Amino acid sequence: MAKQKEVLRDVTIRFADDSGSGMQISGDQFTKTTALLGNDISTMPDFPAEIRAPAGTLAGISSFQIHFSSTDIHTPGDEVDVLVAMNPAALKVSLPLVRKNGILIINTSQFQAKNLKLADYASNPLEDKSLDGYQVFKFDLEQQTADALRDFTELTKREIERTKNMYALGLIFWLFNRPLEHTIGWITSYFDRPGRDKYIEPNVTALKAGYIFGDVSELFATSYEVKPAPLAPGKYRNLHGNTGICLGLIAASQKSGLPLFYAGYPITPASTILHELASYKRFGVKTFQAEDEIAAICAALGGAYGGALAVTASSGPGIALKQEGISLAASVELPLIICNIQRGGPSTGLPTKTEQSDLYQAIVGRHGETPLPVISTSRPSDCFDVAYEAARIATKYMTPVILLSDGYVGSGSEPWLIPNAAELVPIDVHYHTDPEGFEPFSRNADTLARPWAVPGTPGLEHRIGGLEKEDGSGNVSYDSDNHEKMTQYRAEKIERIALEIPPTEIFGDEEGGDLLIVGWGSTYGAIRTAVERQRELGKSVSRIHLRWLNPLPSDLGDVMKRFKKVLVPELNSGQLRTFLRAKYLVDAIGYNKIQGLPFRAQELEEQILELI
Amino acid sequence: MTERKTMATVAAYAQTQDTPLPEYTAKDFESDQIVRWCPGCGDYSILAQMKRTLPDLGVRRENTVFISGIGCSSRFPYYMNTYGIHSIHGRAPAIASGLRATRPDLDVWIVTGDGDSLSIGGNHLIHICRRNIDATILLFNNQIYGLTKGQYSPTSPVGQKSYSTPQGSIDAPFNPLRIALGANASFVARTIDRDTRHLQQILKRSHDHRGTAFVEIYQDCIVYNKDAFLSMTDKDTKEDHILYLEHGEPMVFGKARDKGIRLDGLQPKVISLKDEGVSMDDLLVHDEHDRYGTLSDILATFQEREGFPRPVGVVRNIERPVYEDDLQKQVDKEVARGGEADLQALLEEGDMWEVK
Ligand code: SF4
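Sequences listed follow chains P and L, in order. Oh and the first sequence: position 112 is 112 in the working numbering, straight run, nothing missing. Oh and the second sequence: position 226 is 226 in the working numbering, straight run, nothing missing.
No wet-lab data here; the hints were simulated from the structure. Take the hints with a grain of salt, since some may be wrong.
Here are the in silico distance ranges between beta carbons for each label pair [stated by the list, open to error]:
no.: 1; chain 1: P; residue 1: H275; chain 2: L; residue 2: L57; range: 34 to 44 angstroms
no.: 2; chain 1: P; residue 1: E436; chain 2: L; residue 2: Q33; range: 51 to 61 angstroms
no.: 3; chain 1: P; residue 1: E500; chain 2: L; residue 2: D56; range: 42 to 52 angstroms
no.: 4; chain 1: P; residue 1: R193; chain 2: L; residue 2: S164; range: 56 to 66 angstroms
Source: prediction; values computed, not measured. Backbone N, C-alpha and C define an ideal beta-carbon position, used for all residues, glycine too.
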C-alpha cells in the first residue's frame, strides 16, 4: 500500500524518557539531520538536576524538544505536535504540552501496574478514555527492538534494550522523511573504539528497523514532509549557545592577539564552556579548573594582570561567590569577562531550569559603588557576537564585563550563519610600554581607560591594589575628594560605553504606536513570534530587544516615549522593569513568569491583546 | 596570530634580556611609598632582608611580582619597586596561579599572614601547594590579627587572650607546616624575622626552588602579640629553643651544642650528648629530600611536643612536576598537532551546510 505524504510548514517533536536512556542523543541526531536538510530549527533539552533519577518516576524524565520549519522560526515551539513517550511518566509529564489532536507515539512495554503507579496514574491512560483527543500510536517498542536484534546473541538483554532510542529515532526519521545516513555515520564513529565497536551494528540495525516499521506497519498511513526554510545565503551550522560563547571568545583572542585564559569551577549550566574551551588548546587557549568559584575569578584576574584575555563563567550561586573578586577587578580596572549562565534561584534553586533572575545581581551586585557593563545573549545564534563584543569592550575600556546568558540559550541550539573571520570588527589592543611619564591610573581622554601595563615591561614597575588609588599615580590614597573623583571616573567610564551601542532597532511602528514590548535575553524568540503574529492580525504592537543592559542605549527613553504603553515580559518578577521605571519614569507594565520555563508565544499574545 | 601581542611584550623585555642584568642594590627595590607598619614591627626586618636578597637572585626587576592578600603583612607589595598586587583577603595564591599559568616567565612571590592564608584563604593555600605552582609563599606568622586590631588567629595557642577571646581562645590552632606538608608542598621551610642572616638564606633558597615554596616566618607583632617568639629570638635562650636544620647533618642544638634528637621507633626524643654511651652517631640526620615526607612530618610535630626545640631551616625540598609547565606542554603539543590556528576552519567545524 503506497502511503500518503503530507507537507507541513512546521513541526515540534518532543522525545521523553528516563534520564540517562539516550533520548537526548535521539533528539540531537534528529536535529543534525534536520539541519542538514535545510530546515530552520530551534531546540531545547530539558533534564532533571539528578544524573539518573529513579527510572519511571516523574522527577526523572529527560526530554528533548525540537521545532523545525520551512519558514523562519524563533522558539523551540509552544505546543508539541508529536510526542514520543517511552514510559507512563514521560507521557504524564509531557502530555500537557501536546496540542489537541497531536500525535502520541507511545512505547507500551512500560505501561504495567508498577510504572503506572510511579507515574501517579490511577488508571492506565492507554485503556481509559483520557487520550481520546489525540492521535495515539501505541506498540511494544522494546519487544520490537528485541525482535529486530534477535541475531545479536552475544549482547545482553540490557544492551539490547539500550538501543531502543535508536529504534524510536528510526521511526521518527521515517515519519518525517529524513535520511538515515548522517546518524549511521555518527553511530559508526561514536562506537569506533575497541570494546565498544560491537555496538555499532546493533544500533544501526535498531535505527533501520524503526524506519522500516514505520514504512510497513499499517499503524501509520501518512508520513510528513517539511521543506527547507528560506534562510539567507551562506554557510550554516547548528550551534548551541554555550558553544557560541566559546567560539566568540576564541575569535576575540585571535583577532586581538591576546592569549585566551579561562578559569572556572564546574556548575550547571555553565560547565560546557569549561569543557569546550579545554578542547581548544591548539588555539593557545589555557583553561584552569579552580578549587572554587572565588579562585576562578581570582585566577582569571591574575591572567588579566599578566595580559591575557581572561574569562570566567558560572551561574547565579557561583557569581555570588565571585562578587568580591569582580569588585577588585573593577577597582584595579583590568579587563575580564564574567559569564553568568543563569538558572532558577535563589540558592541551588532549579539548576537545570531557566530564569532571568540575576539581572539585579549583574547590575547592582558587588559592594561599594561598582557599576559594570552588562551585555546579554538572546538566542543561541547571537552568543558568538555577544561574547566577541564583550571582549572588545572589556579590553577597550579596561573593565570587567558581565555577560548574561541562561540555560535555555546555553543548551538550546539553532542554525548559525557562520561569519567570515576576516570581516569581524578588529579588536585593537596595545599594552603600554613607554616608561616616559607613565602613570598606571592616567586615562584615555575618550574611553577613560587606564593603560594596560603588564609585568615584564621594563620601567613600568608599579603596584595596584584594592585600596583606593590616587588619580593618575595609582598610589594609595585616603583623600576624600580623590575617592569621590575616582568613583565618578569609574562610573563615567561605564556610561561612555553607551556610545558603542547602535541606535535601537524598532521592529514594528518606528514612529510609535499602541504598544511597545521591551525584551532582553532569552525571551527573544517568544516575543518575536508573538509580535509578528499579532502584527499580521493588524495590531499596533512593536518590539525592541536590548543587548546592552548597562549602560542602556542612549535613545531608549526617547523610543519608549513614542508608545502609548510599554510592556516588559521577563522570566523574573520585573527586574529590568524596575530599572526602566527608575531611570526613565516610564509606566512600564510587567508580564512575569517564574516557573523555570520559557515563555510561550501564545501567552504573550494573550497579554498583548489584553493591553491593546 | 595568537602570539602576536604576547610576542610584543616579550619583545619589550627581550631587548633588555639581551643586555646584561643590571647590578641591582637593595635600594633599587625600594618603592617611593612610606612604610606604614608600627615602629618595631617584625615586618620591617623581613622587608629589609627581601630587599637585600633580591639583587642576588639574578632576576630582572620588571620580571618580579609580589602578590598579597589583606592584613598588615599584605601591604608588603606597596613597598617594593617591582610589579605587585595588593589583592583581597586570602586570595593571593589564586591570583598568583592565574598569573603563573599565563606568564611562566615571571617570578612570583606571595606575601600573606596567618589569618589571610590559614583562615579565609585556606582553600587556595592548599590547592596552590597541591598543584605545585612555581611561586614562593611567605607566611608571616604572628599568631594574631593585627590590622583588624587584635583578634586571635588560627595559629594562636589555646588560652590566648585577645579582644575576641577575653576568657582565652578555645580553638585548637593550626600547625602551618603540617598544612603545607599535608598539601604536598614541594618546599617547606621556617625562619624568624629577627634572625636576619638565616632569613636571607631561606629567602634565597625558597626562591631557587622550582614549584611551590612555602616559608613560615615567625613575625613579632609588637602591638597585639608582643614577644610571642621571644624564647626563640632572645640571645640567652634561643640556642636552647631552636634547632637549625642542615641537610645531611645530625640534629644537634643547645648553647653548648650538647643536645640532640634521636628516633625511638616512630617517636623523636630529645637526648643529652653528655649522657653516658650517647654519641653523634645516635642522632637523627636531616634529609630534605625524603620523598614521602616521613621525616618532615615528624619535624613538623616538634612544636607540639613538650621540651622540643623549634626546627628552622628547610624542612622539605623535593622535585615534583610544576603545573604551569605541564599546562604549557599540553598547549604546545596541541598547537603542534593542530598546525597553524585557522579561525575560519574552527568556525566551520562540525556538520555544516550551505544555503545558496
Ligand atoms: S599591628 Fe602588629 S603586625 Fe601590624 S604593623 Fe603593627 S606590629 Fe606589625
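Task: Hints violated by the structure (numbers, ascending) - done: 2
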